[in-house]
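Visitor: Take a look at the letters that make up each chain.
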Amino acid sequence: MPVEHRVDVLLIGGGVASVRCARTLRRRKFAGSILIVGDEAVLPYNRPPLSKELLRGDVGLELIAAEPASWYERQRVDLLTDAPVASLDPDARLATMGDGSTIRFSQCLLATGAEPRRLTIPGAEHALTLRTFADAEAIRRAAASGRRAVVVGGGFIGVEVAASLAALGVEVTVHELAPALWGGVLGTTLSAWAVGVLNESGITVRLGEAVSSLDDVRADLMVTGVGVTPRVALAEAAGLAVDDGVVADAGRRTSAPGIFAAGDVARVDGRRVEHWHAAREGGEAAALAMLGELLPEPRAPWVYSEFAGHLLDVVGWAPTFDDELPLLGGHVVAYLVGRRVEQLAIIDSAVSVDAARTLVAGSPSPADVERLAS
Amino acid sequence: MAVERIPSGFLTGLRAGDVTPGTVQVVEVDGRSLCIGLTEDGEWGAIDNVCTHDGGVLGEGELDDNAVECPRHGGRFDLFTGRVLALPPVRPVRAYETRVEGDDVVVEL
Ligand SMILES: Cc1cc2nc3c(=O)[nH]c(=O)nc-3n(C[C@H](O)[C@H](O)[C@H](O)COP(=O)(O)OP(=O)(O)OC[C@H]3O[C@@H](n4cnc5c(N)ncnc54)[C@H](O)[C@@H]3O)c2cc1C
Ligand code: FES
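Which chain is which? The protein sequence lines are C and D, in order.
Count the first sequence with this note's numbering and you get residues 0 to 373, in order.
Count the second sequence with this note's numbering and you get residues 46 to 154, in order.
These are computed hints drawn from the structure, not numbers from a lab.
All values derive from a computational prediction rather than experimental measurement.
Just so you know, not all the hints are guaranteed correct.
Said to hold, decoys possible - Pairs of lysine to aspartate or glutamate, EDC-like flavour, derived with a Cα cap of 16 Å:
#1 28/C to 109/D
#2 28/C to 110/D
#3 28/C to 105/D
The shape of chain C in the complex, shown without the other chains (with noise of 0.2 Å):
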């Protein structure tokens, strides 16, 4: 007999964007219920540590938990792991679970994340993504018993898991398609920088190179991070708007009255921004505005990754940019649209990253940048 639920707020994808909604609507004293429903087996986690901390070490997944195990029942929060959600109707309000039953809602995130892009090359299929805590778990496997890794795409997963594969003793090579790291996107100059540190992990990086097929590595172990598409089918068969991405506004509304979304598959205002910070953030966000309350002011977007042991900060948007000018003897990178700065890169915490994620959102000059400094 399918089973028929009824919740307050119903959070679709256990991720760090519905944890932080949820936690965010306890902390303003909400009273309703709220169940979080998630298709992966485990306690909701955050990401970051996968690359970084589980390659390398013996983490376990309670160290890296959005929030422990007893919050959920202090909280009075209920969670459904192992759940998929198959199918969603904004106008009655119900979510239709892969086992038939349903879920009935006032309000609902939808929070499903996104999921590594594939590689379509000859003996892609023989690489692995990284994810889940169970990627993380198969490729650290794989480097026990491992010499050599391939690492195809040098964003930011290929830049950190190549660093953690090193740290492990792994003989390691990273290609890049771009003549860039991260795809060019963040320019030649902090490439060139990060392209020092993983040579001196002893790390190879080929830029401007297509990888044709897989079938001839001679590796023992092959990764891709070639991006990541935001999991959309729901909201798209739900009829919602959707642009690369769940299109929201800042309180993460989406086109649906009652259905907001946030994190990796919420483009808001116009940017998809699939990182920790924005996840947390727009599920803090979409709490606000389920409960009617003021939203913080929008704050420029932010992103860190961690390798070899360097820290990298990314504040701002500046999707294309004029020009790029190392300031600060090189360990601030700014991003020029016309004469103002848009983004800028942080290396090791040269200045504090807080005050130059405010500063940043007001387009200053390469001036008021280094003046962050004193």
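Could you slot chain D with the ligands onto chain C? The hints should help.
Guide: Chain D with the ligands only, in chain C's frame:
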């Protein structure tokens, strides 16, 4: 506010009645930057203010139950023991005995 040493520790300058339960804040005591918090259950605790991962300011983070969350990358520390509860930090922070005397919040350094 000038910090005062008293026999049982240091006055933090905080008045217990002014602090909202479930929050942390930054307090300078005897040249040390501390993250002092009061849980929803009314328990006081203090840890070093600087995250061992990359210097995040713990006193500007969030407190939930006994967990202080670093605003920089979401690492978490136990307000009472300084133990790491969530990555990315791996090294603990120091924790300090904290109590209320009269209406004064006092720490032992
Ligand atoms: C290896 C790795 C390292 C990263 N490192 C960094 C970093 O250093 N810095 C940074 O800023 N960001 C980093 N990120 C990105 C960051 O982790 C993501 O932006 C964040 O996880 C997005 O959270 P989310 O809640 O939107 O989605 P997700 O975390 O993807 O969670 C969505 C969940 O929903 C589930 N789901 C999907 N469809 C359904 C359905 N129909 N029914 C039920 N459940 C469903 C998915 O299985 C998944 O569990 C990293 C990501 C990875 C994979
Ligand atoms: S600085 Fe605290 S978690 Fe990174």
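Visitor: Okay, which hints does this one fail, numbers in order?
Guide: Violated hint (a single one): 3; every other hint is consistent with the structure.
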